[in-house]
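Asks: Residue-level listing of the chains:
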Amino acid sequence: MKAPALRLPAVIADRASVAFLASLAVVALVAPLLNLAVPESSPLHLSSYAVGLIGKYLSYALLALAVDFIWGYCGILSLGHAAFFALGGYAMGMYLMRQIGTRGVYGHPVLPDFMVFLNWEELPWFWYGFDQFWFALVMVALAPGALAFVFGWLAFRSRVTGVYLSIITQALTYALMLAFFRNDMGFGGNNGFTDFKDLLGFDLQSDATRSALLAATAVALGGAYWTCRAVLASRAGRVLRAIRDAESRTRFLGYRVQDYKLWVFVLSAVLAGVAGALYVPQVGIINPSEFEPINSIEVVIWVAVGGRGTLWGAAAGAVLVNYAKTWFTGALPDVWLYALGAMFVGVTLFLPRGLAGLLPVRSRDA
Amino acid sequence: MNANLQPGGAVAAEPRAGAPRRGAAPGGRDPWREKREAAAARQPSVLTGDVLYLQQVTVSFDGFKALDDLTLHVDPGELLCVIGPNGAGKTTMMDVVTGKTRPDAGRVFFGNMTNLLTMSEPEIAQAGIGRKFQKPTVFDFLTVFENLELALAGEKSFWRTFFARLTPRDRERIDEVLETTGLAAKRDTPAGTLAHGQKQWLEIGMLLMQEPKVLLVDEPVAGMTPQETERTGELLLSLAGRHSVVVVEHDMEFVRSIARRVAVLHEGRVLAEGGMDAVQSDPRVIEVYLGA
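So the protein lines, in turn, are chains R and S.
Take our numbering: the last position of the first sequence gets the number 366, and nothing is skipped along the way.
Take our numbering: the last position of the second sequence gets the number 292, and nothing is skipped along the way.
A couple of the hints might just be wrong.
[Unchecked claim] To be clear about the criterion: a stretch of chain R counts as covered by chain S if any three or more of its residues have a C-beta under 8 Å from a C-beta of chain S, and this derived list gives those stretches:
#1 223-237
#2 241-247
#3 259-265
[As the list claims (entries may be wrong)] Computed list of chain R residues with no C-beta within reach of chain S, every gap over 12 Å:
#4 Val160
#5 Gly189
#6 Ile294
#7 Leu337
#8 Leu340
Since the hints were derived computationally from the structure, they do not count as laboratory data.
What you are looking at is a predicted structure, and each value in this text was computed from that prediction instead of being measured.
Every residue gets a Cβ at the ideal spot worked out from N, C-alpha and C, and that includes glycine.
Just chain S, with the same shape it has in the complex (with noise of 0.2 Å):
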């Protein structure tokens, strides 16, 4: 039984005083392993079993199978960077996740009890599974911080919001979570006029709004100069703990730089996973991705 894994219950995740672990990085030839280690010591220490689980599943358009009997498991507090070539079913794999696609074979389970394959799409939001698009998809006529509102986390029915009004809470959340982004002096701008890395980070802020034990984030750096790339790994990592992270990336420089655990797909399957060093030196990898 996993007491972390009740629906409306946080992950538990304090993080601890004292992180990183094993003291500072020799000779600071890694930057980003201090903050990795960081992170994960804020993972929790008891193994609690799977946050996520997909069991042999299987989607095919046309014949075609974009999932080919695809497992794989998210633990609390992770963050799993999956990697893999074009058409490998990364996109295919969040989309079963959130309900989009209806696999045609196997099983995907959020904590030990939720069948998410008999859930809609606004009840696995609901639930906890947060989803972050490739292409920034903010709401561009409305400001940041009615943009953060929206995703306020509650009852979202029409009457509901029709007679919702913020109460001092929700404010102060809507504040942390611009501060958490870095948004705060941009908390009255519309939207649209938002730069392309602060749009994602807005996103990403929308997705902290609902409170989600699992945030799956579709190439967040595509398209960033490298301050925002830099300031999108802090991010990310910053959260990982808290909530477990799974980050779909193209970048192998970012992926480096923030992951912890990569599993590679490739033809809609998991070729390898494990470290970044493992899975680099892997020589199925190197054949069918990092080598070409």
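Just chain R, same shape as in the assembly (with noise of 0.2 Å):
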């Protein structure tokens, strides 16, 4: 008998995973290709900006990924995860702002620009730190994994489910949206970080670094999508969906609800961060429109275009409707948010499995 020449690990083996992550892999390794490799003037080169927005769709897709991965596997519907992906972008941000030193308006070698034009002295302390990349990467999961541990302990002990949690995450997704607009907070106010120069040292404005960023963006959502496998082929992920399906029942099995919940909710805000992290690089720009409770909403749309329940069914639905969206703005940006609010109550009333759906892999696990 012959070994297999390559054996995957059992939870991407499926037929959807390995297409899901072999088209990743494309994306990661043709996108840059065509960019930098292809000559300008060949039919088949890739433009900077549809790096850049390819880059921006990826981290999307992360973002989707992680509110598919609670709404869809535990049913705890979150309209707030947009603060998750902002704050991991603050994150990203805050050292951003820190590596452009002495090359920002007013020169100053510690303080960014806001600070300087608010008349700060100093540095406030919560932004030691952060000229050390490690440091930011640590608190790209740090903030946004410790906010959803608080929320999520009291939301779930106090057992707050279905449309009454959905409404408190909005509350959240304002409330700091709120704060990060004061001045005094010490975020740059409703401007926000922009101005970036480079990170680790490459220029972020250069062809090789945006692709770099692509790729890693599209890494991280492979690892993601793995990760989130990985629970769900385990028995906790078994607990999950009962949990989705019959909460009351999962309890008297023993089961301490509040706790899976709690884990599953604080491990989808993490890569909410790290996909807000990865995109603000990319965009150039952070500010607190991101919290708009409106965002997270969005979010929700893309999921159940795609497909809620299938992990790679919600990311290709944030690729899809964002497409959309540029394509929308930019050829009739009025009839954006009806053609939105159409393809969500077309796909609640035709589709309910979303666009994967349509396509004949059934996984079993959705």
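Taking the hints as your guide, dock the two standalone chains into a single complex.
Replies: So this is what it looks like as structure tokens:
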């Protein structure tokens, strides 16, 4: 007997996972290639604008994956995930701001421009450490994770579920938006952070850096997919689906439902934070509008369109809806919100399993 | 001191060889009699005290007393049927025992020393009280096997289940319950596609996985075909002895066939209890329930 040449880990060995991860790998390799190696005169050349756009879509896909992980498999409909996304983005933004150094408008060696503008004398304590990349990375996970832990601990322990949970997650992101709008918060007020120069010494405007960021986002998305699949394939994953379908029954079986919800909520928030951290250097700005409640709702629409309860479907939904958004806001800007609404209504009525439901590959895990 | 009720210990109940005690039923007029007696014969022979004891329990919702000074006991290994008209407090009684509802007054003990009123729902489930709901609630998207797997007794924290692997002993236990409930052929079928009766059996099987000392079963035969009802009766009787079984049921025919001891609830208290015949001839019972 011949041993198989390549054995995939069981959790990502199903056909849908292989197709999803393979297409991610193709995008991560081909897009930079078409941008960097193909001359601009060639019709195959991919513009730097397109590379940035794809990178942005992939970070949105990671956010959608995070939302689908808890909504599709544990029944937690979070309408505040943009808050975790933005917190991760702010953590990365703080690092990028400190990398500007003396190249800012005011040329202050330590303080970012907005602090000089506000006549601040010294760096607030919570900005310490953000000149170190590793510290920023830790905070990218820790800030949204800790918030999700405290919020989830309170909410799930009190058995806040369903629409009530959705509403308080909206309140959470709205409250953070108002807080971040304030100048004295020390996060740049309504202007947020922008004018980033470089990351780890690489110029953010250069094509190579943009391609690397795209590839990094694809890798993060693939890793997050794998992580979520590993959780879902374990017995804990079956408990999550049990909670989704019959919560009180699960409790009577002896499972502490609130603990399960808390852990997946924290994991999901961390993934959203990572998505935000990858998003910020690619779009070059982060400001409090990222906390707007509407953003979190849009994520839910991406997931519903792509297919709730299939992780790859959620990721695909994010890319498709955002591609449509890019197209509409260019061609028919006034129509976009109607189109988005129509898409959501149409999918809800006619495709309860989203676009993923149209495909013949049906994962039994759904 | 009741050695049988130590946490983790099973209610002593080796099936006795040669049951039933009094030989076959004469004339075969009551085909259930033999099974009832066989189940009774498996009960521990020594009087070991109550496995579950509710003392003067009162629950009121906005002034309405769902339970009014209710006192009820369950013996080890017995099969107790609780009947009563709608609103008599049957479901509330189960809610109190499982920790879903906290009573305004009274005491609820599991064994002689476990005070259920200070415990949460998962703790009570872990301690050995399993509950089957009226509506079958199995996990539709999981297979029969996976449903039973989730019901396995043991550590149930997130991290433990994340790293959990099925041991050969776990598999054996699951297979055993698949046999008991007659679902072996449906092992890899998604539970959502099972027939109504099979779902009920699966749910009873899930309770068995937790190796409970007490099984609370709410209306097990509602909506079942006669064949399914009969099969369910046999299943419940086969469980008595090894476990204490409390059945809440409306179907009098069914109760008559399986019950040895019946408690009639009315307006939140026990109106009568005893054998089915004694209870049925009690004038108060006839007035509020059976005679209606």
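Asks: Confirm or reject each hint.
Replies: Okay, the hints, checked on the actual structure:
{"no.": "1", "hint": "223-237", "in the structure": "holds (count 4)"}
{"no.": "2", "hint": "241-247", "in the structure": "holds (count 4)"}
{"no.": "3", "hint": "259-265", "in the structure": "holds (count 3)"}
{"no.": "4", "hint": "Val160", "in the structure": "holds, 17 Å"}
{"no.": "5", "hint": "Gly189", "in the structure": "holds, 40 Å"}
{"no.": "6", "hint": "Ile294", "in the structure": "holds, 32 Å"}
{"no.": "7", "hint": "Leu337", "in the structure": "holds, 35 Å"}
{"no.": "8", "hint": "Leu340", "in the structure": "holds, 30 Å"}
Against the hints set out earlier in the document, no violation occurs for any number.
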